[in-house]
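Residue numbers for the sequence shown, in the numbering used here: 1 to 297.
It should be emphasised that the hints constitute simulated quantities derived from the structure, not laboratory data. On a predicted model such as this, the values are computed, not experimentally measured, just so you know. There's no promise every hint is true.
Below, a list of computed lysine-lysine pairs in the PhoX-like style, where the Cα atoms sit at most 25 Å apart [to be verified]: (1) K149 with K189; (2) K255 with K228; (3) K149 with K40; (4) K189 with K59; (5) K255 with K154; (6) K51 with K105.
Computed beta-carbon distance windows for the label pairs [claimed, not checked]: (7) E140 with Q244: 35 to 43 Å; (8) G87 with E212: 30 to 38 Å; (9) A185 with S84: 50 to 58 Å.
We put the beta carbon where it would ideally sit given N, CA and C, even for glycine.
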Amino acid sequence: MSLCTSCFTGVEGTKKIKLSREDRKALAPSDEEQFFVGIKGSPLPLWEKGKTFIAADDKTILIFDQQGLPSDPLTVRLGGKYLSFEGIDKRMAPDGKMYVVIVFKNNGNIYVYNTGKTLEEAETLTSDQLPMLIDNDMVEEVKSLLLGKRLWIKSPLWYDEAGNRISGLKFVAVTIEDVQPASIAFPLKLRFTLDNGKYAWLFMNFGNSGTESRSFPTLFSISDIRKKYPAISDEVWELICQGQIKTGMTKEECKLSLGNPSEVNSGHDYSQTLDMWHYSDGTALWFEDGLLTRFRR
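Could you build the full structure based on these sequences and the hints that come with them?
Okay, structure coming up:
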């Protein structure tokens, strides 16, 4: 007699749940995510000899086999230099396993990176997973996609030519003029121009998710954001673009200007609803019946 005849799988009584139209809309990729979806690293088996990577920092030298390098490897000054992929090899570890190593070349010098992966495991390694190295093909793909593209910027975190932080705007139209490799933290550096001719730089990751730090969807909109808020007056919209607020603004307007608060306290008295928003930088907003009555910045 089968021992499983009375087993309960947990499936028999499960009802099929249909998502509402709004649920499906919320789960669907945004236009910005779909626009950037093709930018991804290529798996190791598809790399051709000569494929180039950029060392994101002088410390990139530390990921390579140190044999044959100077006693102070940082004196190699590898940051910003291009390394060409020469092929893969195998190396036996103390545990007896064979691990894949990747061989690179720069200016006649050979650099060997131990993946710590077996041949089978290394087949899934992609070019955007190498520490401190930026895939130049991905940079060029982003450049091809964005160069000359008119977008609406969401972030006021702008930088000048020297990499110094400058005051930026949100939700204004910009045109992408250049894309360059950048740093370990953010592999892409974008130069954009405003309609008035002024320009600035922005740092970005390769990711295409709206939840990732400084991904394309979190930094840009491919359509005019202003059109989504026709009820907001031009005067208030200008304040929002500058990251400013004034009394009388709605919660939605304040959120567009300052972002989501880190803490919200709600309550009410005999006649009205009272809310207080706190931000991590010390900013505090007080609302009465949904309208901003005072604030501290």
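Hints and how they fare:
Only pairs whose Cα atoms come within 25 Å are accepted, and K149 paired with K189 is accepted, the gap being roughly 15 Å. The straight-line distance between the Cα atoms of K255 and K228 is roughly 14 Å, inside the 25 Å bound, and the hint therefore holds. At roughly 20 Å between alpha-carbon atoms, K149 and K40 fall within 25 Å of each other, so this suggested pair holds. Using a Cα cut-off of 25 Å, the hinted pair K189 and K59 holds, with the two alpha carbons roughly 19 Å apart.
Of the pairs offered as hints, the one joining K255 and K154 holds, with about 13 Å between alpha carbons and a cut-off of 25 Å not exceeded. Simply put, K51 and K105 have alpha-carbon atoms about 11 Å apart, close enough for the 25 Å limit, and the pair holds. A hinted range of 35 to 43 Å holds for the C-beta pair E140 and Q244, which are about 38 Å apart. With their beta carbons about 32 Å apart, G87 and E212 fall inside the hinted range of 30 to 38 Å.
The supplied range of 50 to 58 Å is broken by A185 and S84, whose beta-carbon atoms lie about 24 Å from each other.
Comparing the model with each earlier hint shows a violation of hint 9 alone; every other hint is respected.
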